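Visitor: Below are the chains, spelled out letter by letter.
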Amino acid sequence: MSSVIETRGLKKRFGRVRALDGLDLTVASGEVHGFLGPNGAGKSTTIRVLLGLYRPSGGTATVFGQNPWSDAVALHRRIAYVPGDVSLWPNLSGGEAIDLLCRLRGGTLDAAAYRDRRAHLVDAFQLDPTKKGRTYSKGNRQKVALIAALAAPVDLFILDEPTSGLDPLMDAVFRRELQAATSEGATVLLSSHILSEVEHLCDRVSIIRAGRTVETGTLAQLRHLTRTEVAFASTGLTDADLAGLAARIPAAHDLVLGNGTPRAGIPRAGTARVSFTADSDALPEVLPVLADLRVQGLTVAPPSLETLFLRHYREDAPSPAPSTGPLP
Amino acid sequence: MNALWPLLRLRIHRDRVQLPIWIAVFFGLAALVVFAVDSSFGTSIERQALMRIAVGSPTILIFRGEPQGADVDAVAFFLIFAFLATLVAFMSTFLAVRHTRAEEESGRFELIAATPAGRLIPLLATALHGIVAALAAGLAVALGLLAGGLDGAGSTTTGGAVAGTGIAFLGVGLLAGQVMHTSRGANGLGAALIGLAYTLRAFGDAGGTASADGLSMSSAWPSWLSPIGWGQQTEAFTTNRPAPLALDLALAAVLFAVVVLLQSRRDLGTSLIGERPGPQHAPRTLSGSLGLAWRLQRAPMIGWALAGLVFGVLAGTLGETVVELVQSSAQVGEALARMAGGRASIIDLFTDTIFGLVGVIAAAAATQAMIRLRQEEANGSAELLLALPLRRGRWIFDYLLVGTVSIALVLLGAAGGAAAGLASSSEVAGTADTTARVASAAASGVAQAPAALLVLAIAALLVAFVPRLSTGLSWGVLFVSAFIGEFGELFGLPDWLLNLSPFTHTPTIGAADVDSSGAWWMLGLALAGAVAAGVGIRRRDLAL
Ligand SMILES: Nc1ncnc2c1ncn2[C@@H]1O[C@H](COP(=O)(O)OP(=O)(O)OP(=O)(O)O)[C@@H](O)[C@H]1O
Ligand SMILES: [Mg+2]
Numbered sequence: 001m002s003s004v005i006e007t008r009g010l011k012k013r014f015g016r017v018r019a020l021d022g023l024d025l026t027v028a029s030g031e032v033h034g035f036l037g038p039n040g041a042g043k044s045t046t047i048r049v050l051l052g053l054y055r056p057s058g059g060t061a062t063v064f065g066q067n068p069w070s071d072a073v074a075l076h077r078r079i080a081y082v083p084g085d086v087s088l089w090p091n092l093s094g095g096e097a098i099d100l101l102c103r104l105r106g107g108t109l110d111a112a113a114y115r116d117r118r119a120h121l122v123d124a125f126q127l128d129p130t131k132k133g134r135t136y137s138k139g140n141r142q143k144v145a146l147i148a149a150l151a152a153p154v155d156l157f158i159l160d161e162p163t164s165g166l167d168p169l170m171d172a173v174f175r176r177e178l179q180a181a182t183s184e185g186a187t188v189l190l191s192s193h194i195l196s197e198v199e200h201l202c203d204r205v206s207i208i209r210a211g212r213t214v215e216t217g218t219l220a221q222l223r224h225l226t227r228t229e230v231a232f233a234s235t236g237l238t239d240a241d242l243a244g245l246a247a248r249i250p251a252a253h254d255l256v257l258g259n260g261t262p263r264a265g266i267p268r269a270g271t272a273r274v275s276f277t278a279d280s281d282a283l284p285e286v287l288p289v290l291a292d293l294r295v296q297g298l299t300v301a302p303p304s305l306e307t308l309f310l311r312h313y314r315e316d317a318p319s320p321a322p323s324t325g326p327l328p
Numbered sequence: 001m002n003a004l005w006p007l008l009r010l011r012i013h014r015d016r017v018q019l020p021i022w023i024a025v026f027f028g029l030a031a032l033v034v035f036a037v038d039s040s041f042g043t044s045i046e047r048q049a050l051m052r053i054a055v056g057s058p059t060i061l062i063f064r065g066e067p068q069g070a071d072v073d074a075v076a077f078f079l080i081f082a083f084l085a086t087l088v089a090f091m092s093t094f095l096a097v098r099h100t101r102a103e104e105e106s107g108r109f110e111l112i113a114a115t116p117a118g119r120l121i122p123l124l125a126t127a128l129h130g131i132v133a134a135l136a137a138g139l140a141v142a143l144g145l146l147a148g149g150l151d152g153a154g155s156t157t158t159g160g161a162v163a164g165t166g167i168a169f170l171g172v173g174l175l176a177g178q179v180m181h182t183s184r185g186a187n188g189l190g191a192a193l194i195g196l197a198y199t200l201r202a203f204g205d206a207g208g209t210a211s212a213d214g215l216s217m218s219s220a221w222p223s224w225l226s227p228i229g230w231g232q233q234t235e236a237f238t239t240n241r242p243a244p245l246a247l248d249l250a251l252a253a254v255l256f257a258v259v260v261l262l263q264s265r266r267d268l269g270t271s272l273i274g275e276r277p278g279p280q281h282a283p284r285t286l287s288g289s290l291g292l293a294w295r296l297q298r299a300p301m302i303g304w305a306l307a308g309l310v311f312g313v314l315a316g317t318l319g320e321t322v323v324e325l326v327q328s329s330a331q332v333g334e335a336l337a338r339m340a341g342g343r344a345s346i347i348d349l350f351t352d353t354i355f356g357l358v359g360v361i362a363a364a365a366a367t368q369a370m371i372r373l374r375q376e377e378a379n380g381s382a383e384l385l386l387a388l389p390l391r392r393g394r395w396i397f398d399y400l401l402v403g404t405v406s407i408a409l410v411l412l413g414a415a416g417g418a419a420a421g422l423a424s425s426s427e428v429a430g431t432a433d434t435t436a437r438v439a440s441a442a443a444s445g446v447a448q449a450p451a452a453l454l455v456l457a458i459a460a461l462l463v464a465f466v467p468r469l470s471t472g473l474s475w476g477v478l479f480v481s482a483f484i485g486e487f488g489e490l491f492g493l494p495d496w497l498l499n500l501s502p503f504t505h506t507p508t509i510g511a512a513d514v515d516s517s518g519a520w521w522m523l524g525l526a527l528a529g530a531v532a533a534g535v536g537i538r539r540r541d542l543a544l
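Note that the protein sequences, when read in sequence, are chains A and Z.
For what it's worth, the working numbering labels the leading residue of the first sequence as 1, then goes sequentially.
For what it's worth, the working numbering labels the leading residue of the second sequence as 1, then goes sequentially.
Simulated from the structure, these hints should not be mistaken for lab results.
Worth double-checking, as some hints may not be accurate.
If we take Cβ atoms under 8 Å as the criterion, some of the chain A residues that face chain Z in the derived model are [to be verified]: (1) Ser2; (2) Arg77; (3) Gly106; (4) Pro129; (5) Thr135.
Residues of chain Z clear of chain A, computed beta-carbon distances all greater than 10 Å [stated by the list, open to error]: (6) Arg14; (7) Leu135; (8) Ala212; (9) Ser289; (10) Leu388; (11) Leu469; (12) Ser517; (13) Leu523; (14) Val535.
What follows is a set of in silico ranges between Cβ atoms, one per label pair, in the way DEER data are often shown [claimed, not checked]: (15) A/Gly139 / Z/Ile302: 29 to 37 Å; (16) A/Gly139 / Z/Leu249: 40 to 48 Å; (17) Z/Leu261 / A/Ala113: 51 to 59 Å; (18) Z/Thr199 / A/Ala172: 53 to 61 Å; (19) Z/Asp267 / A/Ala233: 53 to 61 Å; (20) A/Gly139 / Z/Asp267: 13 to 21 Å.
Computed from a predicted model, the values in this text were never measured in an experiment.
For each residue, glycine too, the CB sits at the ideal point set by N, CA and C.
Build the full structure now, drawing on both the sequences and the hints.
Guide: So this is what it looks like as structure tokens:
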């Protein structure tokens, strides 16, 4: 499978701010690739580099094997883009904006097909195309850009938080329409903060922080890298049992005894919960110990997507936040 | 009320570069005009000649003011006040719109209005800010005149008149912000009202009655309908009466009350002139970036062309009145020829002088078209566009084209107006002379194109190479060039400075031998600039 998007060590500086600091991203043909990262990580910047709107300060980026900066016009015939924050022309109606964007992309050459597709989308997204740009609500502005992107077939969709502001019903319409487009073979780069959307749509994800890729893979692979949460009730256990717990389960992390006080001693009376996390592949070593202790109310939770992302978003990774220090 | 001070500070902070520039310009102009009168019309004989011509020629009165004798200070006031008043009117309306409608349009006002500041305190803060700015402009003018050596009472009166005009137009700008939906529309309405005020006083001055000595006039009633006229009626340096300024304050108070009423009743984001729904589908013309640029600039272009038409009619109808005047006095004729920069057929020369202003209007229309591209980029809609298979060179070229068409429309409007005016004027009509005069007016129109095109190309270069500064710099270039072009010789500026302005290289139609080498140079430079801009814009990042 050839890759549609490929960046190697991509760098972008704005004055002293390093928005991208050696970003590697590979999006294979036909896949829906989730692009995640905390605010200010550099997602929109990467996307603008891929669209030839920003010129990289270092590293390489290719789209369909071409240079997005110098071959922008040729590439743009194959790409549909939805920005995160859609600004429309104040004195153009939504319908006019959709037609203009599609005509410029050359997507209206098959006039009949375009007309049908546009009518279908306007109906599906319940958009009133006669309103003027500034009288649209945020979600409706987003819909205008989405319809313009979906109304004509393209090879690559680049979507920067495309559903921010859409209501759940419209969100479902968007997912349906995007899946229809990808079933015809289109590739998608989808930046998003909505984890359920990522889980629902994406084949693979890349997580970036401070302008660098920190993780990339299928969701299953990423899950594998994170820890499982284990919790049980402390009823019927002696202080000694609990005190020895840490020693007996070397794979345990973040051990919490009692009501959320880490290692602060055991509540004097009654029942409390004990919880810890363990590397998912260390679980087989943990279970016999728990069986030995005859723990009650045992829960073993696989890592949720939230914890998975939160770990990457929050953790102190080696790469610093976009530095504002002097450049080398 | 606790919110007032932070909001006021915010406004001052936002204008921290712009306002000082305005103030410096006011000071400089005021100081320069005294110097100019001293150097160009040093003797009282020369000044009396100048004022006699002025009193007798409506064309001059239209662009200057109400003659009040031949003293240096009165002549300075006569020459510069209408110009200063117009400038301060623009400063105030732009300021008002920038801090009200533009904020509302961008959504920032919503953030502020949701705080305890509410809907009215921001308005109050804008009004205070505008008043402070107008007072500062007035103070700068007074200090400038004092620095030029004029007396305190007259300088203070002039400064007061400038401040009063500024305050009156602050109200106009605030009202425009309530009436129109977009800041662009509000600025357009404000400019149109300034134009109306200027025209009213122009008619008042042109139709005034001369005093017995032929050195002074009292304006006709239309002057009293215009805030710029009220400022003139202070008759600074002669009678120094501040009473007419009460009209400025009264107008401002009334307008502000109306604005407060509107603001407290209307919904956020709405305006007096509502928004109509648009078509479901784009018309065939809207199929590319040229169609878009055309559509975006259509309304302003019509406004600019109308302004050209008005000036053309002025030129056409008033040209021949000058001739009688010149024939009546040799001394006057000589002075007149000097003022216009050479000896030639006086009508053509006067038509051409007015067409010099038309050229500035054409250049302004073109600058606005090019700045439109920058605004598209800054407000984010260009991001949608440039992610499409649209060459950036093509993109800027389309705006250059729209700018060129704007220039053509303004010049066409002016030439058409002049032709109509000449054909209808009693003295010239029906004679073989008419054809020659109309041809000359058309030639004057064509002659203005190179300078305007060069200004357009400079704006394109600025947008391509310094996008974030381009809006202010483009207007700055236009203002400085126009000022040098219109006032440079009067102010006795050095040649190298005069040569910097495209407008000084415009061929003078009606002069004995028309030198058009400057025009070809400018066309060449404009072309080179346009090409460089097309290359430059491809080499830079999208600048949000
Ligand atoms: N034009 C610019 N000039 C200076 N700094 C910029 C510019 N554009 C982006 N940045 C900086 O680059 C970094 C990355 O910004 P970017 O918009 O790519 O983040 P993001 O991942 O899209 O964030 P979000 O999730 O909030 O959309 C931020 O620190 C931002 O402040
Ligand atoms: Mg972003």
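Visitor: Determine which of the earlier numbered hints do not hold for this structure and return their numbers in increasing order.
Guide: 1, 9, 10
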